[in-house]
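2 protein chains.
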Amino acid sequence: MNITIIGVGLIGGSVALGLKGFQTHIIGVDANPKHVQTALKLGIIDEANDLDTAVSKSDLIIMAIPVDAARKLLPYILNHMPANCTLTDMGSTKSGICQVAAEHPRRGAYVAAHPMAGTENSGPEAAIHGLFTHKKTVICERELSHSDSLDVVLKMYEILQMNILYMSPEDHDRHIAYVSHISHISSFTLGLTVLEIEKDEERIFDMASTGFASTVRLAKSSPDMWAPIFKQNAPQLSTALDAYIKNLQLFKELIEEGNIDEIRKLMTQANDIRRILDGIRQ
Amino acid sequence: MNITIIGVGLIGGSVALGLKGFQTHIIGVDANPKHVQTALKLGIIDEANDLDTAVSKSDLIIMAIPVDAARKLLPYILNHMPANCTLTDMGSTKSGICQVAAEHPRRGAYVAAHPMAGTENSGPEAAIHGLFTHKKTVICERELSHSDSLDVVLKMYEILQMNILYMSPEDHDRHIAYVSHISHISSFTLGLTVLEIEKDEERIFDMASTGFASTVRLAKSSPDMWAPIFKQNAPQLSTALDAYIKNLQLFKELIEEGNIDEIRKLMTQANDIRRILDGIRQ
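Chains D and U, in that order, give the protein sequences.
Residue numbers 1 to 282, in the numbering used here, belong to the letters of the first sequence in order.
Residue numbers 283 to 564, in the numbering used here, belong to the letters of the second sequence in order.
Worth double-checking, as some hints may not be accurate.
Said to hold, decoys possible - Stretch-level coverage of chain U by chain D, calculated; a stretch enters the list once three of its residues show a Cβ under 8 Å from a Cβ in chain D:
no.: 1; region: 311-320
no.: 2; region: 334-345
no.: 3; region: 375-381
As the list claims (entries may be wrong) - Calculated lysine-lysine pairs in the DSS-like style (CA-CA distance at most 27 Å, straight line):
no.: 4; chain 1: D; residue 1: Lys220; chain 2: U; residue 2: Lys502
no.: 5; chain 1: D; residue 1: Lys265; chain 2: U; residue 2: Lys481
no.: 6; chain 1: D; residue 1: Lys265; chain 2: U; residue 2: Lys316
no.: 7; chain 1: D; residue 1: Lys246; chain 2: U; residue 2: Lys417
no.: 8; chain 1: U; residue 1: Lys323; chain 2: D; residue 2: Lys220
no.: 9; chain 1: D; residue 1: Lys265; chain 2: U; residue 2: Lys354
no.: 10; chain 1: U; residue 1: Lys437; chain 2: U; residue 2: Lys418
no.: 11; chain 1: U; residue 1: Lys302; chain 2: U; residue 2: Lys316
no.: 12; chain 1: U; residue 1: Lys316; chain 2: D; residue 2: Lys199
no.: 13; chain 1: U; residue 1: Lys437; chain 2: U; residue 2: Lys302
no.: 14; chain 1: D; residue 1: Lys246; chain 2: U; residue 2: Lys481
no.: 15; chain 1: D; residue 1: Lys136; chain 2: U; residue 2: Lys502
no.: 16; chain 1: U; residue 1: Lys528; chain 2: D; residue 2: Lys246
no.: 17; chain 1: U; residue 1: Lys323; chain 2: U; residue 2: Lys502
no.: 18; chain 1: U; residue 1: Lys481; chain 2: D; residue 2: Lys220
no.: 19; chain 1: U; residue 1: Lys481; chain 2: D; residue 2: Lys136
no.: 20; chain 1: D; residue 1: Lys246; chain 2: U; residue 2: Lys302
no.: 21; chain 1: D; residue 1: Lys136; chain 2: D; residue 2: Lys155
no.: 22; chain 1: U; residue 1: Lys323; chain 2: D; residue 2: Lys34
no.: 23; chain 1: U; residue 1: Lys417; chain 2: U; residue 2: Lys437
no.: 24; chain 1: D; residue 1: Lys20; chain 2: D; residue 2: Lys41
no.: 25; chain 1: D; residue 1: Lys135; chain 2: D; residue 2: Lys155
no.: 26; chain 1: U; residue 1: Lys502; chain 2: U; residue 2: Lys528
By construction, these hints were calculated from the structure, which means they are not laboratory data.
Everything numeric in this text was worked out from a predicted model, so none of it was measured.
Ideal Cβ placement from N, Cα and C applies to all residues, glycine included.
I would like the entire structure built from these sequences, with the hints used as guidance.
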């Protein structure tokens with residue numbers, strides 16, 4: 001089976017590594033020529049090629065590129081790929097791309113997906129074998145995909161050992177705003193805030209410890225990948241950030257008032273997050 | 283050497299484990315009788331005793347209790363401990379306790395310290411051998427401690443293999459607000475915000491992944507330990523939270539405007555946090 005992966009970075013590269021040895025021939029395509037060369041050299045892909053050539057001989061095409069680029073590219077690929085070829089994506093927002101796909105006569109050949117795994121690193125060097133193992137993929141609008149195309153994508157996620165959740169693009173985007181996107185914004189903003197202070201307080205990072213490292217880890221993530229995600233999920237993120245900022249302001253007021261009982265009460269409520277975290281596979 | 287550890291939880295218990303085998307006899311004192319019994323049973327301490335008895339026969343007394351309790355207890359211990367005994371604490375705020383100590387005739391027998399290590403867990407079962415290894419301790423107002431007392435505490439941190447930073451209580455509290463306290467508030471508040479949404483969106487946590495786990499890990503921390511820290515460091519935290527909330531609001535506005543170039547620019551600035559994180563020992 002010829003599989004084209006467009007974007008051979010952290011996600012695309014890790015998919016390629018996971019599909020190796022399953023009678024696949026992986027063709028890598030990337031706007032950055034260095035990335036395909038690195039991916040080829042590292043043995044992540046079997047062939048490097050240009051988009052048109054790769055698309056013309058594929059059975060499965062996977063877009064693992066920023067969500068704005070994926071939305072733009074989708075109609076072009078659906079127009080040019082062979083009959084019986086399946087297209088899927090791995091983007092962290094689903095409403096935008098599903099809207100574009102809905103208007104295309106070959107909608108059935110596309111499967112909207114979001115494998116939920118990653119690290120704060122990027123590029124082909126960041127690709128990891130087993131990145132997706134036992135984690136979850138969301139598939140949206142399964143009813144709009146042909147059963148053959150859905151089967152191809154489900155088979156791929158079976159090889160990657162992922163569990164499948166089905167939901168609407170709107171539910172996906174609303175939920176992911178809370179459990180992924182504001183985590184990233186929280187980290188980015190915390191990193192930014194402390195780096196600003198560093199200008200006046202040079203030795204501030206002498207005191208940074210593992211707790212700090214954990215909270216700001218996601219601030220290392222790729223701006224090219226995340227900025228378009230935030231833009232596409234703006235309405236959901238606006239609501240989620242309002243709730244987050246409101247709670248931060250409440251916390252700040254309670255601290256300023258010295259209302260220790262209420263602070264302790266809120267923190268005890270937050271401790272319930274342990275129940276959630278115990279269920280997440282690290 | 284008789285060492286009394288008041289509070290045999292995560293921090294006090296880990297100190298006890300680190301000092302084992304260095305000609306020490308560790309006496310555990312805890313307001314919670316279950317904690318001392320557990321610490322004794324786990325072999326963390328050599329003896330469980332009441333505060334007065336323990337204090338009366340100690341060469342070194344370590345307070346590893348919430349910062350409000352430590353500030354209250356300090357004068358009592360300085361009044362009752364033997365001549366040549368040294369008192370130290372491990373609290374995450376230093377201005378408050380240093381103010382109380384400054385008024386005491388035996389100020390010289392006290393060493394104000396903050397070993398910067400921890401996990402999100404609490405209680406004696408959470409104690410870890412090696413928790414402090416190669417991490418940093420801040421010592422404040424060294425010039426107000428007798429050299430004998432300072433030597434005892436430095437020797438202890440040498441055994442625990444910690445590196446020492448010296449600074450004023452005010453510098454400590456200002457810096458720690460940024461590199462530790464707002465990380466905790468950010469996590470607690472994020473946890474709280476997502477748990478609130480869960481009431482309407484039951485399946486939201488099906489989608490939580492490792493990025494989320496990393497960002498909210500600190501929300502599992504002990505409210506009894508952290509609420510008093512936030513109260514004592516209120517002025518510094520108020521400033522730090524203002525800066526953090528302001529940056530969050532800026533981020534939110536840029537997302538609402540769809541100003542992707544400016545979002546990307548801010549995120550690229552935040553990426554510089556990699557330089558800091560690479561220097562933190564995990």
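* Which hints from the list above does the structure break, by number from lowest to highest? -> 1, 2, 3, 7, 8, 12, 18, 20, 22
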